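Protein chains: 2
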Amino acid sequence: MPLSFYQASAQVFVHALGNLSAILEKGALYAESRKIDPVVMCGLRLTADMLPLSRQVSTACDSAKLAVSRLSGVEAPKHADEEKDFVELQSRIAKTLDYIRSVPEASVEAAAGRKVSLKLGGEPREFEPEAYLTLFALPNFYFHVTTTYAILRANGVELSKRDYLGAILG
Amino acid sequence: MPLSFYQASAQVFVHALGNLSAILEKGALYAESRKIDPVVMCGLRLTADMLPLSRQVSTACDSAKLAVSRLSGVEAPKHADEEKDFVELQSRIAKTLDYIRSVPEASVEAAAGRKVSLKLGGEPREFEPEAYLTLFALPNFYFHVTTTYAILRANGVELSKRDYLGAILG
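Residue numbers (our numbering), protein chains in the order written: chain S, 1 to 170; chain P, 1 to 170.
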């Protein structure tokens, strides 16, 4: 059996968003222990013209949500990008997980053979669903999860690859 | 048609390693323009106890190489982690691409239904090939590619999501 679309998208996002939630929990505990304002912590950036931690998290959430929506055709809820602290970011992740878990596996599998349409830089584009998932949605998602990890790590939060990969490492 | 193992592994790695090579080329040009020793540039880290850029690149290469090897059963060449500058890192990427391209598609597809065995922290572990690829090999690979990007970006190299995602964005 080759890979199923559901396994390679929805299941991956559910697993990785759970790991992201646990990483943010460690960030929140670190901020608390050092009496750092969580809003300051969630506003940290790797460099001035990269997104702050809060928007890395919400962009990761939207990458996952939109991938499942575009593959399945099941409309996704809109979420304003207004989260400012760890509590609000955890809520954004929870809402994203609720949506992904609500999409039937069969709807995601129906992606096979159907083109994915989206706008990139204002231009409409069409992709084969395989290319969309493997060359756009997944790398984009991991980009924002890893950058979240990197911001926290570069600012002193103790994290390891085990936090990023999660339970598969046992 | 669901996703094929080849499409979700070898093809992804070839695409993303090409992007990584182009990102490093921009890093090399930046170093040259600022008269920064390439060895210094390749030794940069996001924080003291994370791997330097050179090892982020070689670990990304090994994540890709070992994933294709474990899925296909085709033995991978060993590469010492001794690269110190951009030229040597480009050569490491090229050798990795040579190996991945040499593995027959049918051998990678034969992963389906066969367990993947590896050692994690010295302990032997067995994974279903789907879980191994989607929850371990791919996120681990993107972790090191994104961290390479982050190190260069945080040190002034002009890069955008287009460099990371590559030609799919057109």
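The hints are simulated quantities; they were obtained by calculation from the structure and are not laboratory data. From a predicted model like this one, the values you see are computed outputs, not experimental measurements. Hints may be right or wrong, so weigh each one.
For identical chains, the list gives no copy identity; a pair is met inside one copy or between any two copies.
Simulated pairs of lysine-lysine, DSBU-like, Cα-Cα distance not exceeding 35 Å [claimed, not checked]:
1. 26 <-> 115
2. 78 <-> 35
3. 35 <-> 115
4. 95 <-> 26
5. 119 <-> 35
6. 161 <-> 95
7. 95 <-> 84
8. 35 <-> 84
9. 161 <-> 26
Checked hints:
In the homo-oligomer, the alpha carbons of residue 26 and residue 115 lie at most 35 Å apart only across protomers (33 Å), although the nearest pairing inside one protomer, at 40 Å, exceeds that limit. For the homomeric pair residue 78 and residue 35, the shortest alpha-carbon distance inside one copy (33 Å) is at most 35 Å, but the shortest distance between copies (47 Å) is not. When the C-alpha separation of residue 35 and residue 115 is checked against a cutoff of 35 Å, the pair qualifies neither within a copy, at 50 Å, nor between copies, at 47 Å. With identical chains, the CA atoms of residue 95 and residue 26 are at most 35 Å apart within one copy only, with a shortest distance of 20 Å there and 38 Å across copies.
In this assembly of identical chains, residue 119 and residue 35 lie within 35 Å of each other by CA distance neither inside one copy nor across copies; the values are 42 Å within and 40 Å between. In this homomeric assembly, residue 161 and residue 95 come within 35 Å of each other (Cα to Cα) both inside a single copy, at 25 Å, and across copies, at 26 Å. With identical chains, the CA atoms of residue 95 and residue 84 are at most 35 Å apart within one copy only, with a shortest distance of 16 Å there and 45 Å across copies. Taking the shortest Cα distances, residue 35 and residue 84 sit within 35 Å of each other inside one copy (17 Å), while across copies they are farther apart (40 Å).
For the identical chains of this complex, residue 161 and residue 26 are neighbours both inside a copy (14 Å) and across copies (27 Å), given an alpha-carbon limit of 35 Å.
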